[in-house]
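Chemist: Take the given structure of chain A and dock chains B and C to it, following the hints.
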Amino acid sequence: MTEILGLYNYWIVIFLMMTGFYIVIARENLIKTIIGLNIFQTSVFLLYITMGKVTHGTAPILKASHGGESHGVEHGVEHGAEHGHELHAAAEGHVDLGVDAVKEVYSNPIPSVLMLTAIVVGIATTALALALVVRIREEYGTIEEDEILEMDRNS
Amino acid sequence: MMDFIVIPILALLAATAVTVARIRNLWAAVMFTGIYSFLSASWMLILDAPDVAFTEAAVGAGITTILMLATLSLTPRRQRKSGRLSSEDFEERPSKSPLLPLLIVTITGCALVYGTFDMPHFGDPNAPIQVYPNPSFVEKSQPDMHGLPNVVTAVLASYRGYDTLGETAVIFTAGIAVLLILRKNTDDQSSSESQSVTGENA
Amino acid sequence: MNSFPIIRVITKLLIPYILLFGLYVQFHGDFGPGGGFQAGVIFAAALILYGLVYGLPAVHKVAPPKVIEKLTALGLLVYAGTGLACMLLGGNFLDYDMLNHGFLTELPAALDFLPGDKPHHFLPEGQHLGIFLVELGVGITVTAVMTMIFYAFAGRERVTT
Numbered sequence: 218m219t220e221i222l223g224l225y226n227y228w229i230v231i232f233l234m235m236t237g238f239y240i241v242i243a244r245e246n247l248i249k250t251i252i253g254l255n256i257f258q259t260s261v262f263l264l265y266i267t268m269g270k271v272t273h274g275t276a277p278i279l280k281a282s283h284g285g286e287s288h289g290v291e292h293g294v295e296h297g298a299e300h301g302h303e304l305h306a307a308a309e310g311h312v313d314l315g316v317d318a319v320k321e322v323y324s325n326p327i328p329s330v331l332m333l334t335a336i337v338v339g340i341a342t343t344a345l346a347l348a349l350v351v352r353i354r355e356e357y358g359t360i361e362e363d364e365i366l367e368m369d370r371n372s
Numbered sequence: 707m708m709d710f711i712v713i714p715i716l717a718l719l720a721a722t723a724v725t726v727a728r729i730r731n732l733w734a735a736v737m738f739t740g741i742y743s744f745l746s747a748s749w750m751l752i753l754d755a756p757d758v759a760f761t762e763a764a765v766g767a768g769i770t771t772i773l774m775l776a777t778l779s780l781t782p783r784r785q786r787k788s789g790r791l792s793s794e795d796f797e798e799r800p801s802k803s804p805l806l807p808l809l810i811v812t813i814t815g816c817a818l819v820y821g822t823f824d825m826p827h828f829g830d831p832n833a834p835i836q837v838y839p840n841p842s843f844v845e846k847s848q849p850d851m852h853g854l855p856n857v858v859t860a861v862l863a864s865y866r867g868y869d870t871l872g873e874t875a876v877i878f879t880a881g882i883a884v885l886l887i888l889r890k891n892t893d894d895q896s897s898s899e900s901q902s903v904t905g906e907n908a
Numbered sequence: 005m006n007s008f009p010i011i012r013v014i015t016k017l018l019i020p021y022i023l024l025f026g027l028y029v030q031f032h033g034d035f036g037p038g039g040g041f042q043a044g045v046i047f048a049a050a051l052i053l054y055g056l057v058y059g060l061p062a063v064h065k066v067a068p069p070k071v072i073e074k075l076t077a078l079g080l081l082v083y084a085g086t087g088l089a090c091m092l093l094g095g096n097f098l099d100y101d102m103l104n105h106g107f108l109t110e111l112p113a114a115l116d117f118l119p120g121d122k123p124h125h126f127l128p129e130g131q132h133l134g135i136f137l138v139e140l141g142v143g144i145t146v147t148a149v150m151t152m153i154f155y156a157f158a159g160r161e162r163v164t165t
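Protein chains in written order, with this note's numbering: chain A, 218 to 372; chain B, 707 to 908; chain C, 5 to 165.
There may be inaccurate statements among the hints.
What the hints assert, rightly or not - In silico lysine to any residue, SDA-like type, Cα no more than 20 Å apart, as pairs: (1) B:Lys846 <-> C:Asp101; (2) B:Lys802 <-> A:Ile242; (3) A:Lys280 <-> B:Leu751; (4) C:Lys74 <-> B:Lys846; (5) C:Lys74 <-> B:Ala883; (6) B:Lys802 <-> B:Arg730; (7) C:Lys16 <-> C:Leu81; (8) B:Lys802 <-> A:Glu367; (9) A:Lys280 <-> B:Arg889; (10) B:Lys846 <-> A:Ile278; (11) A:Lys280 <-> C:Gly36; (12) B:Lys846 <-> C:Asp99; (13) A:Lys280 <-> C:Phe35; (14) B:Lys802 <-> A:Leu366; (15) C:Lys70 <-> B:Pro849; (16) A:Lys280 <-> B:Ile752; (17) B:Lys802 <-> A:Glu245; (18) C:Lys74 <-> C:Gly159; (19) B:Lys802 <-> A:Val241; (20) C:Lys74 <-> B:Leu885; (21) C:Lys74 <-> B:Gly872; (22) B:Lys802 <-> A:Glu364; (23) A:Lys280 <-> B:Pro855; (24) B:Lys846 <-> A:Thr275; (25) C:Lys74 <-> B:Arg889; (26) C:Lys74 <-> B:Thr879; (27) A:Lys280 <-> B:Pro841; (28) A:Lys280 <-> B:Asp850; (29) B:Lys846 <-> A:Glu321; (30) A:Lys280 <-> C:Phe31.
Claimed, not checked - Over the 10 Å line for every Cβ pair with chain A, so calculated as not near, a few chain C residues: (31) Tyr54; (32) Met102; (33) Pro128.
Don't read these hints as lab results, they were simulated from the structure. Since this is a predicted model, take the numbers as computed values, not measurements. Even for Gly, the Cβ is constructed at its ideal location relative to N, Cα and C.
This is chain A alone, in the form it adopts within the complex (with noise of 0.2 Å):
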């Protein structure tokens, strides 16, 4: 049973996702479509940001910083074949490596580096559209898609 619902997350984000995509090819007025594309596009924010996470794992962002002192650790006993987001910082030099020694696991930063640039680019995208929906208003003096394409077939 765990070994299906350690999906979750996907299948939010999917859901999130269908709803989204559900506006957008079910609702005729254009600011409704440009609402539903924002949906389906926060969810894949949340897709890749879920692939990143690792479980008991933390922000990455480096706790001690002791000009590059620190060093990766093979964390065998808990995650197996982990190379991953694992850092010990040797706080006191190699001194404590035994019981004491901070084991800090860190979450991915690169979805977050990703998501990051996309959604300020997304914010971009979306005012270009609303742009367009002014335009479009101004020009044809409605913003539903079927008068639109109406006008279009009558000229």
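Modeler: The following block gives chains B and C in isolation, referenced to the frame of chain A:
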């Protein structure tokens, strides 16, 4: 413990998304989109991405909402004689039967869920994304960056500097494009009866 | 919004803190969560809030559209210029290690009387300086573009059909 926070947030997220899909009034839909963005920012914070979370909170819940409201006030369904608009002017028309779109969405959703069975589990430290590249950026950044703690900034500005330059150029281009589309009648400030967005809401 | 004194007063109270938070996010982005994108958006949010409450002419006085338009390009130029400077110093494009200057990297002895922990570096150099400049460029562009988009929408008149 964290589940008590995560589960309500996810439930609210789903409920908000469905409400946005069902509601006809566009003002309400825009406000719900803002709430949706804020809730997803909360989930991102729990998923250890504070940088993304507060970008999403500022952009999705703040600026997107304002821009959409500005667009709405410029695009009412009809213009009343008195010049004052009521919320009915921002109602969507009732749409046609939703059965076909629902069917398409359900089939696509089922196909995607089937696809997830091959995906690594949530939080799995052995997932490919966590194992490659090795050594990871977290390990590399400490010696490379001479002790700058925030790995996200380091990757964003240094390791992926070209990419970020491109993204900045995209934002710049989009800004210019919006300006070109919309800046027709901002030069003649003489028309005092103009109903600019801020003037109308005042 | 002349008829809502509470909103006007609260806005005036909030804006300095929003701007201060924006600056913190911008310049502390290498150490804590933050960076140019977030700071730019927060800064623009402060300007947009001012514009929403006090009207477009008021915010035009604070941030004239002409200046904002030039700032969009300036931010991108700062970013690309940092890359070019690295090239001119003999490295690759955006290779910040070339920006090592060796000037005042330690805290000057004259400032030893200051209380508290001494900073590790006095003037940032190398990677730190490069990231600082690049994030500054991103911050300027994002602030300016978001403000410019708001101006474009808010200055538009409703067309009656």
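Chemist: Against this structure, judge whether each hint is valid.
Modeler: These are the hints, each one checked on the structure:
| no. | hint | verdict |
| --- | --- | --- |
| 1 | B:Lys846 <-> C:Asp101 | holds, 15 Å |
| 2 | B:Lys802 <-> A:Ile242 | holds, 11 Å |
| 3 | A:Lys280 <-> B:Leu751 | holds, 18 Å |
| 4 | C:Lys74 <-> B:Lys846 | violated, 38 Å |
| 5 | C:Lys74 <-> B:Ala883 | holds, 15 Å |
| 6 | B:Lys802 <-> B:Arg730 | holds, 13 Å |
| 7 | C:Lys16 <-> C:Leu81 | violated, 33 Å |
| 8 | B:Lys802 <-> A:Glu367 | holds, 16 Å |
| 9 | A:Lys280 <-> B:Arg889 | violated, 48 Å |
| 10 | B:Lys846 <-> A:Ile278 | holds, 13 Å |
| 11 | A:Lys280 <-> C:Gly36 | holds, 10 Å |
| 12 | B:Lys846 <-> C:Asp99 | holds, 16 Å |
| 13 | A:Lys280 <-> C:Phe35 | holds, 10 Å |
| 14 | B:Lys802 <-> A:Leu366 | holds, 16 Å |
| 15 | C:Lys70 <-> B:Pro849 | violated, 43 Å |
| 16 | A:Lys280 <-> B:Ile752 | holds, 18 Å |
| 17 | B:Lys802 <-> A:Glu245 | holds, 9 Å |
| 18 | C:Lys74 <-> C:Gly159 | holds, 18 Å |
| 19 | B:Lys802 <-> A:Val241 | holds, 14 Å |
| 20 | C:Lys74 <-> B:Leu885 | holds, 13 Å |
| 21 | C:Lys74 <-> B:Gly872 | holds, 19 Å |
| 22 | B:Lys802 <-> A:Glu364 | holds, 14 Å |
| 23 | A:Lys280 <-> B:Pro855 | holds, 7 Å |
| 24 | B:Lys846 <-> A:Thr275 | holds, 18 Å |
| 25 | C:Lys74 <-> B:Arg889 | holds, 16 Å |
| 26 | C:Lys74 <-> B:Thr879 | holds, 13 Å |
| 27 | A:Lys280 <-> B:Pro841 | holds, 18 Å |
| 28 | A:Lys280 <-> B:Asp850 | holds, 16 Å |
| 29 | B:Lys846 <-> A:Glu321 | holds, 15 Å |
| 30 | A:Lys280 <-> C:Phe31 | holds, 19 Å |
| 31 | Tyr54 | holds, 19 Å |
| 32 | Met102 | holds, 20 Å |
| 33 | Pro128 | holds, 14 Å |
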